[in-house]
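Student: Here is what each chain is made of, one letter per residue.
There are 6 protein chains.
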Amino acid sequence: MSQVVTFGEIMMRLSAQSHLRLIQASQFDVTYAGAEANVAVSLANFGIDVAFVTKLPKNDLGLAVLRILRQYGVDTSYICFGEGRLGLYFLETGFSQRPSKVIYDRANSVFALSNPDDFDWDKILENAKWFHFTGITPALSDNLVESCRNALKKSKEKGIMTSCDLNYRAKLWSEEKARQVMSELVEYVDVLFANEEDAEKVFGIKADDSNIIEGKLSLKGYEQVCTRLQEKFGFKKVAISLRESIVANVNRWSGVLMDGKDFYSSKQYTVHIVDRVGAGDSFAAGLIFGFLNNMKPQESLEFAVAASCLKHTIAGDFNQVSIDEVKKLAKGEGSGRVVR
Amino acid sequence: MSQVVTFGEIMMRLSAQSHLRLIQASQFDVTYAGAEANVAVSLANFGIDVAFVTKLPKNDLGLAVLRILRQYGVDTSYICFGEGRLGLYFLETGFSQRPSKVIYDRANSVFALSNPDDFDWDKILENAKWFHFTGITPALSDNLVESCRNALKKSKEKGIMTSCDLNYRAKLWSEEKARQVMSELVEYVDVLFANEEDAEKVFGIKADDSNIIEGKLSLKGYEQVCTRLQEKFGFKKVAISLRESIVANVNRWSGVLMDGKDFYSSKQYTVHIVDRVGAGDSFAAGLIFGFLNNMKPQESLEFAVAASCLKHTIAGDFNQVSIDEVKKLAKGEGSGRVVR
Amino acid sequence: MSQVVTFGEIMMRLSAQSHLRLIQASQFDVTYAGAEANVAVSLANFGIDVAFVTKLPKNDLGLAVLRILRQYGVDTSYICFGEGRLGLYFLETGFSQRPSKVIYDRANSVFALSNPDDFDWDKILENAKWFHFTGITPALSDNLVESCRNALKKSKEKGIMTSCDLNYRAKLWSEEKARQVMSELVEYVDVLFANEEDAEKVFGIKADDSNIIEGKLSLKGYEQVCTRLQEKFGFKKVAISLRESIVANVNRWSGVLMDGKDFYSSKQYTVHIVDRVGAGDSFAAGLIFGFLNNMKPQESLEFAVAASCLKHTIAGDFNQVSIDEVKKLAKGEGSGRVVR
Amino acid sequence: MSQVVTFGEIMMRLSAQSHLRLIQASQFDVTYAGAEANVAVSLANFGIDVAFVTKLPKNDLGLAVLRILRQYGVDTSYICFGEGRLGLYFLETGFSQRPSKVIYDRANSVFALSNPDDFDWDKILENAKWFHFTGITPALSDNLVESCRNALKKSKEKGIMTSCDLNYRAKLWSEEKARQVMSELVEYVDVLFANEEDAEKVFGIKADDSNIIEGKLSLKGYEQVCTRLQEKFGFKKVAISLRESIVANVNRWSGVLMDGKDFYSSKQYTVHIVDRVGAGDSFAAGLIFGFLNNMKPQESLEFAVAASCLKHTIAGDFNQVSIDEVKKLAKGEGSGRVVR
Amino acid sequence: MSQVVTFGEIMMRLSAQSHLRLIQASQFDVTYAGAEANVAVSLANFGIDVAFVTKLPKNDLGLAVLRILRQYGVDTSYICFGEGRLGLYFLETGFSQRPSKVIYDRANSVFALSNPDDFDWDKILENAKWFHFTGITPALSDNLVESCRNALKKSKEKGIMTSCDLNYRAKLWSEEKARQVMSELVEYVDVLFANEEDAEKVFGIKADDSNIIEGKLSLKGYEQVCTRLQEKFGFKKVAISLRESIVANVNRWSGVLMDGKDFYSSKQYTVHIVDRVGAGDSFAAGLIFGFLNNMKPQESLEFAVAASCLKHTIAGDFNQVSIDEVKKLAKGEGSGRVVR
Amino acid sequence: MSQVVTFGEIMMRLSAQSHLRLIQASQFDVTYAGAEANVAVSLANFGIDVAFVTKLPKNDLGLAVLRILRQYGVDTSYICFGEGRLGLYFLETGFSQRPSKVIYDRANSVFALSNPDDFDWDKILENAKWFHFTGITPALSDNLVESCRNALKKSKEKGIMTSCDLNYRAKLWSEEKARQVMSELVEYVDVLFANEEDAEKVFGIKADDSNIIEGKLSLKGYEQVCTRLQEKFGFKKVAISLRESIVANVNRWSGVLMDGKDFYSSKQYTVHIVDRVGAGDSFAAGLIFGFLNNMKPQESLEFAVAASCLKHTIAGDFNQVSIDEVKKLAKGEGSGRVVR
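Chains as they are written, first to last, in the numbering used here: chain Z, 140 to 479; chain G, 140 to 479; chain U, 140 to 479; chain B, 140 to 479; chain A, 140 to 479; chain V, 140 to 479.
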């Protein structure tokens, strides 16, 4: 009965503290994270009635995940449980010229091994208005490709809006496999989200005049990317987050949106980073929030970029900010003066 | 028998660690802080004989405060004790576009509920040379307005220099109430301290060409503010700290001073911030130190700005720096090379 | 039987956490560090077969050092043990205008009190290709001057390359004493390393157009320093690391190399700093690695500067980076994008 | 629409770590706790559909409480919000002969200042089967006496079972005031819970042959206490938890139950203590769970005593144990062998 | 070329701190552990030249394991590396009536998926005197049954002593599978180690008069167990550790040994527990040490029981005690007086 | 002008956390401690006006010590400063059969190297009533023997009571040297304190029927020890603390007192231990407090034993308890029930 439904894996995230390398760590911070769960939590924090759908192990770790999600008010009633393991990932937070580093240990998770039957989409999507997933979910197993297809088809039957964040992960599948699967799935997708390199990796659509490694991105180039994606797949909307990395702890952050007719670009923030993981998810969540609330395109985009700008200052994958905080920043109060 | 006496509230400060939001914290760092106590500790660290006057609860938390103050050598012999609670505040340290956030829980503290009779100013101010308070103290209760008035009158009787830091706090009183009370109290004040927005909030005196939210301040504008304050209230000296906030963790910091005849402005520092709370107090303390030691105006100002620049790099409200460190910085050694 | 042998003191390093001042700390992080040990660990991490030679106390602290070194695969079989104390140092990490601060407590350590007989150089240097020490070792005691001389003479007998990092420490000896001792010892040295101020302190050779305190260094000036050092002492190679300090936590970092014929200068990095102690040692280790692998001069220099640039982002004195990471940075991937 | 409803205050609990005294602490662990919230969480962990009713401040601390409760699945939909403060308490955990110490700072909390109108009992208790509160709630203010009376009267109207835990707190009210108020309120109460000293403090009913300070309690004496309570107030059931304190970190723990006809006493556990705060609440929750599930009296009692025995090993006020764990202990597996 | 070779899996161990439950933890302590690695480290700490053989993932986690083992001086030169994951386990440390809890996540580890070809036993066992493994290794995969068989056969060829610790793990295989596989493998085993319940689980040989759950073990019963094991499988020696659990944090600990002719039982210690995981491994290591040093049977047994008694007081799976400390305890100095 | 003066060394204490061994620690807790400083802090906490006399290094570590002492209200005005090092010690806290372990690194401290001229006893002891030192001070250097002699002679001149705690430390001097020096110094001592083994080590006076290693002490035996000490040296009072060690974390603790005429023995406590270092000092402080307040002998002894019993539950060397807490325990409230 939730307004928005997101579908994907949630993992335990084990991160070294105080900029230590993984190999130096004798303690890990424990949080829980996953692209679609991150979107769900962002939306829940904005007051949206949202359900997160996944499969969890029937043990204390699965219960820990459940508690974490429930504390944000995310609807967990469609989560199923089974014997198996919780996927996890190790995070080393970079600094200056040293990049952050992620080691995934998610193979054979109870979610990756789930069956399409585990998810009763007819019931889950009852009364929903929006269905969201990312390219990570189908990358996990063929069964999950089918589960995604089931959810998308059912959404189309019910007239539910669908969105997908490309979220290409080279560790999970090849560019070829991604292209083949995603080309099929996006047929059912209304709104596409991507970051500055996804479109090239998945669909071979590259932005001109841009050098991602050197952190120089061209708006013109990304307008073309949006246009080509729209032309090729018929999306109603395409939004791309643009990260220019100066050093690991200081980035420039902005976004673009094409809504079929027009192209919009946001203001750009120079962000000092506490934790950048999950920023893309908070960008997608910001846009979904804007769309659900019928904000104008530019306003939606600025909301999403401001929300995800703030995400960079929050520890953990989840974006823990309020609508007020986002709007204040979008309006221009970005100098970080104390709120007493 | 102390040279300087400061009067105000000291609170327990509970702050989230490692840039976590308050809502994420499962541990708080515990320190103790308050505008006038911060000034007292700064002065004690500079070797000044200083007493801090307040009222504390008669329990372990009051004893904890006493110990903390004593360790800096602050004279605590005029502090009185009673049944009641210690005020406290919660601090979330901002980063980048996310501002720091303070939640006060100081209402009904044993100090706010203190009686004018609790403080025997004749005895406290015996042999003192300087009395200091801030706009926070009278904002806490009408009784404290009276206690401030008593202290100020007694100071004038004894020929003691008096200083006040406007320190406007919107959570404690309205601009109207502040204006009314402070207009009366500053009649007894020789030296006025303020930050870049206090004069406007309390006395409606605004700097031209300045935009505090965008972090752009005009020296000309603040010269006018000094002049008008001096003209209106007859202060011997007016000093204003000027903060230009770029992001929450990087600010520009400087100060101005008018001594009746001339206007002085300091060099400006770009500070990377560990903890900015208490910076204004360390600015005031630096000036009081300079004045007590008969430094020249420009020298006093540079000392105060350098001292408070360093405060931004110290965790906790208290400024823990030595005269040598401040002077080295004021002389230009600000590149932070290792001292072996 | 190791390829490289380094000789010096290793200390316990006690550092305050989270940018606290030493005087605020109620906990210290415990690591182990020393210039020559840092070089040994850097080389071991690059896969070089390296032995570290020292004398340790026969107690749990000596055993702790042994374990630490062994975990990197450093050959510890020539370390001798005796009654006595482990040297130690206290570290306060600076920020912004507040410099880092080191308090040494290394006098009378078991190593400083060691005898020349404690080290059987004939055996230690058997089959070695490279011997490295720094100016700290002879500064510790006259016995250690003799031990260094013994090692250097034996190296020359065996045709082993020798290197020395000047590493001048004012707390250990005067500039006069340093000049007298080092002038003699460098007669046996093939490769000299120094930082931007060592040559002046030890040999009175100063770079023109440079102001170390203001963080402005001239390449021309340092070319002259290299030339004069080479002319005076006949070094095969001279390399100097160049630090321009903006604030304590942001520096510019580069290096120069003269190989008898030509002068090379590296690209310059603006580094945001986690921990800069040991950066010079990682620069020396990078060059030794390049020389041992017959890299070209420019390539060796860029490798060394990239390696030591990364060191600034690693907590502790030891540089914990891989050859791959260094090469990637030297090639230009320095924007710190996430490695998934 | 919850089965069980509990009503009371929930506070922030600030506790010193690692057996430090409050006065030594530079960090506090932050949890949230309150007698009736503790009961709600215990029941939720046992799978009971339970709502907790309170009033919270409209700020980040109130939101933090909301999140904490939601993570256990407690229904928070009847919680109201308003301007004001969150009550809090400081906890020092005792050891050996040193007792634990609690400093309350709960006066003038937004809950204590709540109005009877804040709680719409007709709606809250719709479909409920059980209403629970403790003597702490009416001790907080006269308004809360009225709110309790309203809830109890409405419960009786609707045929809902009611329970009360005496929970006498000398810091909140005198024995006289407690006796007067509680004598009236318990008229509406079906099930009474108490600890070994409550009945004497509140109703002057003392157990013979028992010395609470020396930790020697007589079953006979407590049978009489139950009988007298039942005779005087007509309770359907009376249950008393019995703590014999050997040292602060080792206690003996058991309980008794009278159900109108018969008197039952449980097995006694010698518990080594991690955190004993909240044990009484977990005892009450265990009995409510037993009663709701129609366990036999002895079985209910053993379940409650085993559950609360385990509570002593859990950090924080909340009892975080499963039905299985409790049943295993109640059956006799109390030697703490590893579960692999 | 090591004297002793042990073969098995080493995992990352993630443990909740300060007696928190796993579900409460927001940080984990990270150590590395595994039955045969624990034995290797124990022996290395006693000065034995020991190699640990396993397969590790080719990533930072594998490198972390390598470093950890190297710091104890364990020979890691026969460890092979490959693509895959490191097994891990989560540990919740019990207290009082609450048992410790282990969640394994070791399926599909790079070691479990290793091939018999990964281990060149001819080379590994060259010059070895003792080969040790536990029942966990063959439980991980059929390939590992074969690897164990290969190692054992090669040991017998070379006249190397072999030992096995039954270490039954119900989560890894059924009692039936264990019996079948272990019955075959122990044919090659000279020395058998077990705990108080292994013999029953694996071979159905139960001690009379003993109740493991209630913590009451009969020496007579375990003498029979030793005798039957020896008769059935022809072991040269059988040793069993005996744990009587009073509560999770206080146990009684002792051991028995049968050497073909005679039966020996040790003194019994009442141990207060910091961390009991790995105690059985330290018992086996103690006996191997005694046997290798030709201690008399009673002396070997007392050494092993004292060593493993001390293990209970050491955090982490590894036993970090010296020969001197063990001997002092075995001689009777067990009251824990300060060593200054 | 203080009532009591104590004289000795104060060191930095670096202790491993959470029962880790020193060799495992990557963090140390930092406190400050020393026998005579511990006595001073105990007395200050009981409201006695007390000065601690020592020599400290002129650096941040010396300043840290100053602050720590000042926070308890100890008079630090006679402390002198000089170039040199602060002594320190490393502490590993034992558990169960594993003893605590201390590694001293105090040689050549600025205090050990102090001159008799550093201390102006005429001024320091002006108006004092009691002078206290321990056997550690003269053990540090011959200069300090002279300083002690000077202080004692001056005390006798002025009619000041003197006390000495034997505090024999085998690491500092031999039993022969101790006997020779202490035999001379105790000629000036009125009150002697010792623990259960000091008298034997220093003066060869042994208690019959007692086995310290097994933790069995005979009251009769210690009565004889007191008598012989009194007869031999003419002390006015002799008090001995008696520790029976069961395991490292559970001891029995009591004390005896002979006042020239009568022999008193205290009740015995079984203490569960947080930190036992400094317990003897708190025992001496308790007796000095009793004597200064003219308590009866039995009352003084019970006060001292209760105070030092509580010390075992306090982290750090300093005893942080109030007179009320001690008296409550001495009266029999030792079951550690919560104080709300």
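Among the hints, a few may not be true.
[Unchecked claim] Now the in silico label distances, taken between C-beta atoms and shown as ranges:
| no. | chain 1 | residue 1 | chain 2 | residue 2 | range |
| --- | --- | --- | --- | --- | --- |
| 1 | A | V478 | V | N247 | 20 to 30 angstroms |
| 2 | B | K400 | V | S157 | 50 to 60 angstroms |
| 3 | A | N289 | U | I462 | 33 to 43 angstroms |
| 4 | A | N289 | Z | F220 | 36 to 46 angstroms |
| 5 | Z | K470 | G | R391 | 20 to 30 angstroms |
[Claimed, not checked] Quick list of in silico lysine-lysine cross-link-like pairs, DSSO-like style, CA-CA up to 27 angstroms:
| no. | chain 1 | residue 1 | chain 2 | residue 2 |
| --- | --- | --- | --- | --- |
| 6 | Z | K310 | Z | K262 |
| 7 | V | K197 | U | K340 |
| 8 | U | K292 | U | K371 |
| 9 | U | K470 | U | K400 |
| 10 | A | K470 | V | K467 |
| 11 | U | K359 | U | K435 |
| 12 | Z | K310 | U | K467 |
| 13 | B | K467 | A | K310 |
| 14 | A | K240 | A | K268 |
| 15 | A | K197 | U | K470 |
| 16 | U | K240 | V | K197 |
| 17 | B | K355 | V | K467 |
| 18 | V | K240 | A | K466 |
| 19 | B | K340 | V | K466 |
| 20 | V | K310 | V | K295 |
| 21 | V | K371 | B | K240 |
| 22 | Z | K310 | Z | K406 |
| 23 | U | K467 | U | K376 |
| 24 | G | K310 | Z | K467 |
| 25 | A | K310 | B | K470 |
In case anyone wonders, no lab produced these hints; they're calculated from the structure.
Given the structure is predicted, the values throughout are model-derived calculations rather than measurements.
Beta carbons: idealized from backbone N, C-alpha and C, even for Gly.
Student: None of the hints should be skipped; say for each whether it holds.
Tutor: Checked hints:
For the pair V478(A) and N247(V), the beta carbons lie near 23 angstroms from each other, so the given range of 20 to 30 angstroms is met. As the Cβ distance of K400(B) to S157(V) is approximately 51 angstroms, the hint placing it in 50 to 60 angstroms holds. Under the hint 33 to 43 angstroms, the C-beta atoms of N289(A) and I462(U), about 35 angstroms apart, fit the expected range. N289(A) and F220(Z) have their C-beta atoms about 40 angstroms apart, which keeps the hinted 36 to 46 angstroms range intact.
Between K470(Z) and R391(G) the beta carbons are some 22 angstroms apart, a value that agrees with the proposed interval 20 to 30 angstroms. Distance hint between K310(Z) and K262(Z) is unfulfilled; the C-alpha atoms sit about 33 angstroms from each other, more than 27 angstroms. Proposed proximity of K197(V) and K340(U) is supported: the alpha carbons are some 26 angstroms apart, at most 27 angstroms. For the hint pairing K292(U) with K371(U), the CA-to-CA distance comes to about 20 angstroms; that is within 27 angstroms, so the pair holds.
Under the criterion of a C-alpha separation no larger than 27 angstroms, the hint pairing K470(U) with K400(U) is consistent with the structure, at around 25 angstroms. The hinted pair formed by K470(A) and K467(V) fails the criterion: a straight-line CA distance of about 41 angstroms is larger than 27 angstroms. For the given pair, K359(U) sits about 22 angstroms from K435(U) by alpha-carbon distance, which is consistent with the 27 angstroms threshold. Distance hint between K310(Z) and K467(U) is fulfilled; the C-alpha atoms sit about 20 angstroms from each other, no more than 27 angstroms.
As the CA atoms of K467(B) and K310(A) are separated by approximately 20 angstroms, the hinted pair is consistent with the 27 angstroms bound. The straight-line distance between the Cα atoms of K240(A) and K268(A) is roughly 36 angstroms, outside the 27 angstroms bound, and the hint therefore fails. Only pairs whose Cα atoms come within 27 angstroms are accepted, and K197(A) paired with K470(U) is accepted, the gap being roughly 24 angstroms. Among the hinted pairs, K240(U) with K197(V) is consistent with the structure: their alpha-carbon atoms are about 15 angstroms apart, no more than 27 angstroms.
A C-alpha spacing of about 19 angstroms is found between K355(B) and K467(V), which places the hinted pair at or below 27 angstroms, so the restraint holds. As the CA atoms of K240(V) and K466(A) are separated by approximately 16 angstroms, the hinted pair is consistent with the 27 angstroms bound. Taking the CA atoms of K340(B) and K466(V), the gap is about 25 angstroms. The hint holds against a cut of 27 angstroms. A hinted pair counts as satisfied when its Cα atoms are at most 27 angstroms apart, and K310(V) with K295(V) does not qualify at roughly 31 angstroms.
Our distance criterion of 27 angstroms between C-alpha atoms is broken by K371(V) and K240(B), whose separation comes to about 47 angstroms. For the hint linking K310(Z) to K406(Z), the alpha-carbon distance of about 32 angstroms lies beyond 27 angstroms, and the restraint is violated. The suggested pairing of K467(U) with K376(U) holds, with an alpha-carbon distance near 26 angstroms, which does not exceed 27 angstroms. Taking the CA atoms of K310(G) and K467(Z), the gap is about 20 angstroms. The hint holds against a cut of 27 angstroms.
Our distance criterion of 27 angstroms between C-alpha atoms is met by K310(A) and K470(B), whose separation comes to about 24 angstroms.
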